[in-house]
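Use these hints to put chain B onto chain A, whose structure you have.
Listed below are the residues making up each chain.
There are 2 protein chains.
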Amino acid sequence: MTHMAIIGGGIIGSSWALVFARAGLQVKVFARHETVRASLHERIGVMAERAQAIRPDVPVAEILKRISLVDEIGAAVTGAGFVQESLEEKIEVKREVFAVLDRLTPEDAIIGSSTSSFGVSSFADGVKGRHRCIVAHPAAVPHLIPVVEVVPAVFTALETVETTFELMKAMGQSPVLVRREQPGFVMNRLQGALLTEMFRVIEDGLMSPEDVDKLISDGFGLRWAFLGPLEGIDLNAPGGIADYLKRYGFMFDDLARQRGAKGPVVTKSVIATLNDAMRGELPIEQLEDKRAWRDQRMARLRALRDEMGPFLGTEPV
Amino acid sequence: MTHMAIIGGGIIGSSWALVFARAGLQVKVFARHETVRASLHERIGVMAERAQAIRPDVPVAEILKRISLVDEIGAAVTGAGFVQESLEEKIEVKREVFAVLDRLTPEDAIIGSSTSSFGVSSFADGVKGRHRCIVAHPAAVPHLIPVVEVVPAVFTALETVETTFELMKAMGQSPVLVRREQPGFVMNRLQGALLTEMFRVIEDGLMSPEDVDKLISDGFGLRWAFLGPLEGIDLNAPGGIADYLKRYGFMFDDLARQRGAKGPVVTKSVIATLNDAMRGELPIEQLEDKRAWRDQRMARLRALRDEMGPFLGTEPV
Numbered sequence: 001m002t003h004m005a006i007i008g009g010g011i012i013g014s015s016w017a018l019v020f021a022r023a024g025l026q027v028k029v030f031a032r033h034e035t036v037r038a039s040l041h042e043r044i045g046v047m048a049e050r051a052q053a054i055r056p057d058v059p060v061a062e063i064l065k066r067i068s069l070v071d072e073i074g075a076a077v078t079g080a081g082f083v084q085e086s087l088e089e090k091i092e093v094k095r096e097v098f099a100v101l102d103r104l105t106p107e108d109a110i111i112g113s114s115t116s117s118f119g120v121s122s123f124a125d126g127v128k129g130r131h132r133c134i135v136a137h138p139a140a141v142p143h144l145i146p147v148v149e150v151v152p153a154v155f156t157a158l159e160t161v162e163t164t165f166e167l168m169k170a171m172g173q174s175p176v177l178v179r180r181e182q183p184g185f186v187m188n189r190l191q192g193a194l195l196t197e198m199f200r201v202i203e204d205g206l207m208s209p210e211d212v213d214k215l216i217s218d219g220f221g222l223r224w225a226f227l228g229p230l231e232g233i234d235l236n237a238p239g240g241i242a243d244y245l246k247r248y249g250f251m252f253d254d255l256a257r258q259r260g261a262k263g264p265v266v267t268k269s270v271i272a273t274l275n276d277a278m279r280g281e282l283p284i285e286q287l288e289d290k291r292a293w294r295d296q297r298m299a300r301l302r303a304l305r306d307e308m309g310p311f312l313g314t315e316p317v
Numbered sequence: 001m002t003h004m005a006i007i008g009g010g011i012i013g014s015s016w017a018l019v020f021a022r023a024g025l026q027v028k029v030f031a032r033h034e035t036v037r038a039s040l041h042e043r044i045g046v047m048a049e050r051a052q053a054i055r056p057d058v059p060v061a062e063i064l065k066r067i068s069l070v071d072e073i074g075a076a077v078t079g080a081g082f083v084q085e086s087l088e089e090k091i092e093v094k095r096e097v098f099a100v101l102d103r104l105t106p107e108d109a110i111i112g113s114s115t116s117s118f119g120v121s122s123f124a125d126g127v128k129g130r131h132r133c134i135v136a137h138p139a140a141v142p143h144l145i146p147v148v149e150v151v152p153a154v155f156t157a158l159e160t161v162e163t164t165f166e167l168m169k170a171m172g173q174s175p176v177l178v179r180r181e182q183p184g185f186v187m188n189r190l191q192g193a194l195l196t197e198m199f200r201v202i203e204d205g206l207m208s209p210e211d212v213d214k215l216i217s218d219g220f221g222l223r224w225a226f227l228g229p230l231e232g233i234d235l236n237a238p239g240g241i242a243d244y245l246k247r248y249g250f251m252f253d254d255l256a257r258q259r260g261a262k263g264p265v266v267t268k269s270v271i272a273t274l275n276d277a278m279r280g281e282l283p284i285e286q287l288e289d290k291r292a293w294r295d296q297r298m299a300r301l302r303a304l305r306d307e308m309g310p311f312l313g314t315e316p317v
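For the record, the sequence lines run as chains A and B.
The opening residue of the first sequence carries number 1 in the numbering used here; numbering runs sequentially from there.
The opening residue of the second sequence carries number 1 in the numbering used here; numbering runs sequentially from there.
Next comes chain A alone, as it looks inside the complex (with noise of 0.2 Å):
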């Protein structure tokens, strides 16, 4: 493609730039405001530095030179390949900012949207192209955090998706996809999840705030790291993860009707599709082989924690 078109210079914006800049495309970043504009160049090259251990090979003054900025939209996008329109989270804004992108670009450059809570059916419904408007949500923040929940509405082409995804895959991101539109996707669903929990033992006095964080950051955040929570406990038991969950899938049902739920979470149809993905991935007797794998890869994140230390604040002056 000719080039990354970015809307907007914001943290999420920047970060993108330094993304598309980082894998060698060119970037050009529309900023309204010229502070904003003034500050990009080293904002980003801030963010860059501290990143430089995931692309040691690319000088940061290099990344610099293929971010250049623009105070028009149409300089931003004109001949672009694919626009991230990266503004702020309100709805009339992306509805405004998709019509004029709409008009303005390439007729098959793919627009996407980074909203974490919007679905694209909800502000670029009336487009003429809308067929080429898809949500492409980041983690906070993506030059760090490879993976990007891609939500195509109903009307988005299928074309769209896969450009997207090989996209983001070269860019050396991690796309996934949301099947359906839904407010606030799944990311933050599955953080919430795990907070709100939190939020109850605090709440409860059962725990300090600084021990629940450690059963996290000394305990599963560990094999996280590596691993996805039904990956890892399908390493947990001797025949897989449909084993584990008939063992102690009750303890999960439990925990749920304390909460409020109706019926059972672990469902036979749930172990079914669990157990046909992870066996489609990992036959039974390769197991031991990945808990290896698993092992030496935690040893050298303590290894690499020991070496990098703790924060122990801000050196005085």
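Among the hints, a few may not be true.
Put simply, identical chains are the same to the list, so a pair is met inside one copy or across any two.
Unchecked claim - The calculated lysine to aspartate or glutamate pairs, modelled on EDC-like cross-linking and capped at a C-alpha distance of 20 Å, are:
id : residue 1 : residue 2
1  : K262      : E307
2  : K246      : E72
3  : K169      : D57
4  : K290      : D306
5  : K65       : D125
6  : K90       : D243
7  : K246      : E203
8  : K128      : E107
Worth flagging that the hints you see were computed from the coordinates, not collected in a lab.
Just chain B, lined up with the frame of chain A:
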């Protein structure tokens, strides 16, 4: 202390033996079955090899020399400073062995249990030395994952709690205090809350199991390898966690309500408790320095993952 006694040579007992021997203690493991005893050194040797990055300065052969095997409980616990019971998860088994341990151990030895579900009051309330009985519930497995839930009963002496904390810290573990006995404690409740939400997403057909896993392993897991989820959101708003919850708390309340909860979960008292805890550790003017600390670690973790590579399956022989 003279030595550490481990009761049981299964996965958890072996991992505990490795934890204590790696930190320099002499360890005696009691295992009833001949086959368990026959394989113990070899199994711990494999675990130690895979985990060597954690303590590369301690040769595996040295670790194994510190671990001896006995076929009688008395031989394991006589003269022991700390005993860690790691038998199967049956309450009758725990009750029986704690009665024996109370008789055979030195009067000032602490008797810990690795149980993941029973409060110590449910199986040790009848023993004479119950003030020295406590739950020390490890993650699976403690030689890789440092967090340990310490759960005293109302009859457990404060000194027992303190000594358990000191020992665990000296061993390189990360003890956390569960202030009241409760079935399942807290660690598994947190994992359960996250997994339950994942099961719902899959049952709804909203996302594939592989993709929902990636939301953690290519997403939040990279952050939670260094920061608890609460510390994590504390860094994600200009004014820290109180600011974050004022902006986004409604999302967690909405989610909890959809799942059947009656009231809000982000209460004023939770916000106040969290704000006090976070600001007590990290003054607001140091948030940006801690963000830099976080970003550098996440970047190095990305590099580590790239260096070590994905699981490619078992090598054909």
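Looking back at the numbered hints, which does the structure fail to meet, lowest number first? Hint check: 1, 2 and 5 fail, others pass.
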